[in-house]
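The listed protein sequences correspond, in order, to chains A and B. Everything in the first sequence is counted per this note's numbering, starting at 1 for the first residue and increasing by one. Everything in the second sequence is counted per this note's numbering, starting at 1001 for the first residue and increasing by one.
Because the hints were derived from the structure by calculation, they are not lab data. Bear in mind the structure is a predicted one, so any value in this text is a computation, not a measurement. Virtual Cβ for every residue (Gly too), placed ideally from N, Cα, C. Just so you know, not all the hints are guaranteed correct.
[Said to hold, decoys possible] Derived Cβ-Cβ restraints for the label pairs, each shown as a range:
#1 1026(B) <-> 95(A): 50 to 58 Å
#2 1037(B) <-> 42(A): 25 to 33 Å
#3 25(A) <-> 1002(B): 29 to 37 Å
#4 1066(B) <-> 64(A): 34 to 42 Å
#5 1019(B) <-> 55(A): 20 to 28 Å
#6 120(A) <-> 1002(B): 13 to 21 Å
[Stated by the list, open to error] Calculated cross-link-like contacts (lysine to aspartate or glutamate; reagent style DMTMM-like; alpha-carbon spacing at most 20 Å):
#7 118(A) <-> 1014(B)
#8 56(A) <-> 1076(B)
#9 118(A) <-> 1063(B)
#10 56(A) <-> 1063(B)
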Amino acid sequence: MKISVQKEDFELGLEVQSLSKRSQSIGAVASFVGLVRDVPMTLEHYQGMTERAIAKIVEEASGRWQVMDCTVIHRYGALKPNDRIVMVAVASAHRGDAFAACEFIMDYLKTQAPFWKKEETREGARWVEAKASDDQAAERWK
Amino acid sequence: MTKVRILYFASLREKIGKEAEEIELPSGVATVAALRSHLRGRGGLYESAFAEKALLRAAVNQDMVQPAAAIKAGDEIAFFPPVTGG
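In isolation and in its complexed conformation, chain B is listed as follows (with noise of 0.2 Å):
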């Protein structure tokens, strides 16, 4: 398996238009961080809302992670605002 799953939730998933996705994980991809600049590099909706000033935490199979967290194929990456229950 080479693909991740992407999820994006509340007002990231209303600015892309879509909940999830599934893409073939680039060569040299290895971080959040990575993951989240090639996202903005595909341009139109995801430039603006992966912007850098965008502020946007992610989660790696399910565990809230920080920027330089590590990515692999299979597994299920989100992205999404800061959290906002209780």
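Bound-form chain A, shown alone (with noise of 0.2 Å):
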């Protein structure tokens, strides 16, 4: 398993070949790459919780589908609109346990992983409100 919380940039397609030679049972990889949409935006986190909150919510997944291996990486600091922001990348057997873990772990990122979006408008810096509708994509889970 790789969690990863930096600054810098990553590579969707050199993540998915690292993730898939890490065994020779992975017959299916599902990945999730959020862009920056529409403003720019800095990305606060609470450092030391993030990578222990996305460790626990790829524990939950693995206890509901066969995960064989995943990779979680989240951006943090200062991006602009296209830059890529979160990627997860689920390795299993077979596609439906792929498909299932990786919404349910980003669906859980939503809600439960301590990250706070800034976006810089035209009218000023403003702290992005969290929607409900991301409450209830969690709470369909369970």
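Hints given; two lone chains; assemble the complex.
See the structure below:
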């Protein structure tokens, strides 16, 4: 398992390639990449807790589906439109588990991992407010 | 040790004007909710930042918890608005 909270960009292809090679029994890799939309932003996080929270989410996913391995990378700091923010890639024997675990990890990241976005809009900087739809997305897995 | 370390993040950090502080845990303050009330009672910037209507979350020793969660001396307690990562 690879969890990284970093300022630097990542390369999805390289990450998936490296993940795929960790076991010969991997038959499916599902991945997701989240991008900055429309406005520049700065992402703040709670160093220490962030990595721990992501590890707990992955552990929870592993209890529900067959997760052979996974990679989660989340960036922080200043980002501009089209920049990559987050990636999740899940390796499993079959696609069903890989798809489901990948979506679950993203939904839980949204409500459980301590990140906060501050957008630099034309009217000035403003903190993004949490969406009820994100809570609902996480709730549906219960 | 009778102190707790308190961390503030994002808009809450900006409202209070600091990211961390150590305080003596007052006797009788044994939960996250009680600590929140205690901080609100300090008045000034704290009063509005910790107002009852302010939507805040908390973590104790880096685990997200409910307001009823117990706290004790030596703990690291963080307050922050609902998260917006991903």
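Results of checking the hints against the structure:
no., hint, in the structure
1, 1026(B) <-> 95(A): 50 to 58 Å, "55 Å, holds"
2, 1037(B) <-> 42(A): 25 to 33 Å, "31 Å, holds"
3, 25(A) <-> 1002(B): 29 to 37 Å, "53 Å, violated"
4, 1066(B) <-> 64(A): 34 to 42 Å, "23 Å, violated"
5, 1019(B) <-> 55(A): 20 to 28 Å, "24 Å, holds"
6, 120(A) <-> 1002(B): 13 to 21 Å, "42 Å, violated"
7, 118(A) <-> 1014(B), "12 Å, holds"
8, 56(A) <-> 1076(B), "19 Å, holds"
9, 118(A) <-> 1063(B), "23 Å, violated"
10, 56(A) <-> 1063(B), "10 Å, holds"
The structure shown violates the earlier hints numbered 3, 4, 6, 9.
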